[in-house]
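> These are the residues of each chain, in order.
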Amino acid sequence: MQPDIQDQAVIDADELMAKTAGFKLSAEREAMVDDLQSRYPNKKATLLPLLWAIQEQEGWISREWMAYAARRCEVPLSHVLGVVTFYTMYHQKPVGKYHVQVCRNISCHIRGATGIIDAVERKLGLQHGGVSACGKWSLEHVECLAGCSWAPVMQINRTLHENLSPDQAVKILDELE
Amino acid sequence: MTKVLFEHRGKKGVDTFAGWEAVGGFQALKRALKMKPEEVIEEVKASGLRGRGGAGFPTGVKWGFVPKNTGKPIYLCINADESEPGTCKDRVLMEELPFMCLEGALIAAYAIGAKLAFWYIRGEFDLSERVIRKAVETLREKGVIGKNVFGSGWDVDLVVHRGAGAYICGEETGLISSVEGDKGQPKIKPPFPAVEGAFRCPTIVNNVESLAAVPWILNKGGATYAALGTEKSKGTKLFSVSGAVAKPGVYEVEMGYPMRDLIMNECGGPQAGKTLKAIIPGGSSVPVLPAETALGMNLDYESVQAAGSLLGSGGVIVIDESQSMPELLAILGRFYAHESCGQCTPCREGTGWGSRLLNRIDDGGGKSEDMVTLERIARFMTGTTICFLASSMAMPIQSFFKHFRHEFEALLPATTEARGD
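One line per chain: the protein sequences are A and L, in this order. Remember, my numbering sits 87 above the position in the first sequence when you count from 1. Remember, my numbering sits 346 above the position in the second sequence when you count from 1.
No wet-lab data here; the hints were simulated from the structure. Just so you know, these numbers come straight off a predicted model, no measurement behind them. Keep in mind that the hints are not guaranteed to be accurate.
Within a straight-line C-alpha distance of at most 35 Å, the following computed DSBU-like cross-link-like pairs (lysine-lysine) qualify [claimed, not checked]:
{"id": "1", "chain 1": "L", "residue 1": "488", "chain 2": "A", "residue 2": "111"}
{"id": "2", "chain 1": "A", "residue 1": "130", "chain 2": "L", "residue 2": "533"}
{"id": "3", "chain 1": "L", "residue 1": "480", "chain 2": "A", "residue 2": "223"}
{"id": "4", "chain 1": "A", "residue 1": "258", "chain 2": "L", "residue 2": "480"}
{"id": "5", "chain 1": "L", "residue 1": "480", "chain 2": "A", "residue 2": "130"}
{"id": "6", "chain 1": "A", "residue 1": "131", "chain 2": "L", "residue 2": "480"}
The calculated label-pair distances, taken between Cβ atoms and stated as ranges, are [to be verified]:
{"id": "7", "chain 1": "L", "residue 1": "722", "chain 2": "A", "residue 2": "169", "range": "29 to 37 Å"}
{"id": "8", "chain 1": "L", "residue 1": "756", "chain 2": "A", "residue 2": "254", "range": "27 to 35 Å"}
{"id": "9", "chain 1": "A", "residue 1": "214", "chain 2": "L", "residue 2": "494", "range": "55 to 63 Å"}
{"id": "10", "chain 1": "L", "residue 1": "670", "chain 2": "A", "residue 2": "214", "range": "22 to 30 Å"}
{"id": "11", "chain 1": "L", "residue 1": "607", "chain 2": "A", "residue 2": "220", "range": "51 to 59 Å"}
{"id": "12", "chain 1": "A", "residue 1": "115", "chain 2": "L", "residue 2": "418", "range": "28 to 36 Å"}
{"id": "13", "chain 1": "L", "residue 1": "688", "chain 2": "A", "residue 2": "217", "range": "22 to 30 Å"}
{"id": "14", "chain 1": "A", "residue 1": "201", "chain 2": "L", "residue 2": "748", "range": "25 to 33 Å"}
{"id": "15", "chain 1": "A", "residue 1": "254", "chain 2": "L", "residue 2": "356", "range": "27 to 35 Å"}
{"id": "16", "chain 1": "L", "residue 1": "606", "chain 2": "A", "residue 2": "130", "range": "49 to 57 Å"}
All residues carry an ideal CB built from backbone N, CA and C; glycine is no exception.
This is chain A alone, in the form it adopts within the complex:
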């Protein structure tokens, strides 16, 4: 997914850091991060779990929360930005309430992934990378989800759906409405 122009606006790191000085996760998540930081050899190494905690709470990771992560893990903001943009599962903008990922790799393809992708795209009226206007749905074509022996597969939020036919895929989406 290409970032849009707005995303590429210059970031004033100092300003962001100052603005987010009071940021805190929920008490439970803060305690989880404290626990991890007591086990890991250094704070920087807890960046990935911290980013997950942010995304679980907020649904995505804004520049403001990246600044919070930088402070919490004692790394520069640029490092956090580098990490967030490297890993495909960290969302840099909001996704739908239901984030639908359809596998397009080789094993799913052999078992009919193209038909699943077509059916899901038609049903949701979305293409790869799209988010519905109502905020309910977002769609991504993804690489192998390690469900190869149960192909074709699709994952909605964290639930994997296996051995799909196009009709079944649509039915699963219908039931979420």
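Put chain L on the given structure of chain A with help from the hints.
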């Protein structure tokens, strides 16, 4: 056939602490804790167990590389970043036999002298992660992870570290970078991780399937494990079969088992109405073979190599006649281009350029010289980068061209003209 990893698969409650104990669980860990760490390493060396993530390096030998008395902490990383297309075996082990996997990891941690282990789990995994996290919590409550494990005086901690969507983190030094809170970019070897890995300390990275075999080896003895399989490929291996077979699934067979039997018996033969054309035997990165060649070989490291491919991760991808090889190769090319971490130029540029050419051929817009260009790209990206990702795209290109050249040529203009179209 002897089952090592799936000996207790499907037994009621075997995914619980009590259920795992009931089938003899934790006996191996208790036995190990009464041995000297080097004796545990010797037992695993004697088993001949080789790394099941894909590289096939002897597990015990790897453990033995950890330098003694450096004064630095030692780390164990469990590689549960199962991402090689066609591979879905570690998921089954974690979801159905979590305590077996964890017991193996704890034995490994003891053997190498690690006090902290990182269970690096693929970000996309849901059930596997929940099951492993819950099992880790249980082991903490029971004192099997913590201080003075089973009264041995040995302390250990284990944390689950979730990835976030990057194929390259399955490469051991990429995994280490990711554990350190960095982008998952591989590092130049040497130094090898056993000497200088995570946090610049000695680190061993082992695949889940390798570690899952360790409790059985400790219980039954390395020699008993070594008696299974072939002379050079010992023991058993999981094969995750996908594609055009009647019963895709994850099967455990002894090393040296005929591919034909795996496909015809375990997998119930080709999918109804399908004729087999090709098989990729070890995950998407290894060379493809014509079906007749693959069906004629045995499933051990040496036989698969002699047939022109690699055993890799054991991800067997079965391709039938209805599939277009140029289309499948374009799918693989897009995958490697998407997953290149970008730090080595031959990979970053080679995967992208290669992928664009493969797409163009598949779409019917290829130029007559495209195959020659792709062969040159594949050659120049082999052995010129920090890790194997670039070679992992080169091998499919070279093997698809070698065995299915006619399908590509049929899409290119020179051939079209020759047919007079």
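> Taking the hints in turn, state whether each one holds.
To see whether the hints hold, each was checked on the structure:
Simply put, residue 488 of chain L and residue 111 of chain A have alpha-carbon atoms about 33 Å apart, close enough for the 35 Å limit, and the pair holds. For the hint pairing residue 130 of chain A with residue 533 of chain L, the CA-to-CA distance comes to about 21 Å; that is within 35 Å, so the pair holds. For the suggested pair residue 480 of chain L and residue 223 of chain A, the alpha carbons sit about 31 Å apart, so the restraint of at most 35 Å is met. Only pairs whose Cα atoms come within 35 Å are accepted, and residue 258 of chain A paired with residue 480 of chain L is accepted, the gap being roughly 32 Å.
Using a Cα cut-off of 35 Å, the hinted pair residue 480 of chain L and residue 130 of chain A holds, with the two alpha carbons roughly 24 Å apart. Annotation: proposed proximity of residue 131 of chain A to residue 480 of chain L holds, straight-line Cα distance about 25 Å (limit 35 Å). The beta-carbon spacing between residue 722 of chain L and residue 169 of chain A, approximately 32 Å, falls within the hinted interval of 29 to 37 Å. Range check, residue 756 of chain L to residue 254 of chain A: about 34 Å between beta-carbon atoms, so the 27 to 35 Å window is met.
Taking 55 to 63 Å as the suggested C-beta distance range, the pair residue 214 of chain A and residue 494 of chain L conforms, at roughly 57 Å. Remark: the range hint 22 to 30 Å for residue 670 of chain L to residue 214 of chain A is upheld by a beta-carbon distance near 23 Å. Distance hint check for residue 607 of chain L and residue 220 of chain A: the Cβ-Cβ separation is about 54 Å, which falls inside the suggested range of 51 to 59 Å. The hint said 28 to 36 Å for the Cβ distance between residue 115 of chain A and residue 418 of chain L, and at roughly 34 Å that hint holds.
One distance hint, 22 to 30 Å for the beta-carbon pair residue 688 of chain L and residue 217 of chain A, holds here, with the actual separation near 26 Å. Separated by about 27 Å at the C-beta atoms, residue 201 of chain A and residue 748 of chain L satisfy the suggested range of 25 to 33 Å. The given range of 27 to 35 Å is respected by residue 254 of chain A and residue 356 of chain L, whose C-beta atoms sit roughly 31 Å from each other. Range check, residue 606 of chain L to residue 130 of chain A: about 54 Å between beta-carbon atoms, so the 49 to 57 Å window is met.
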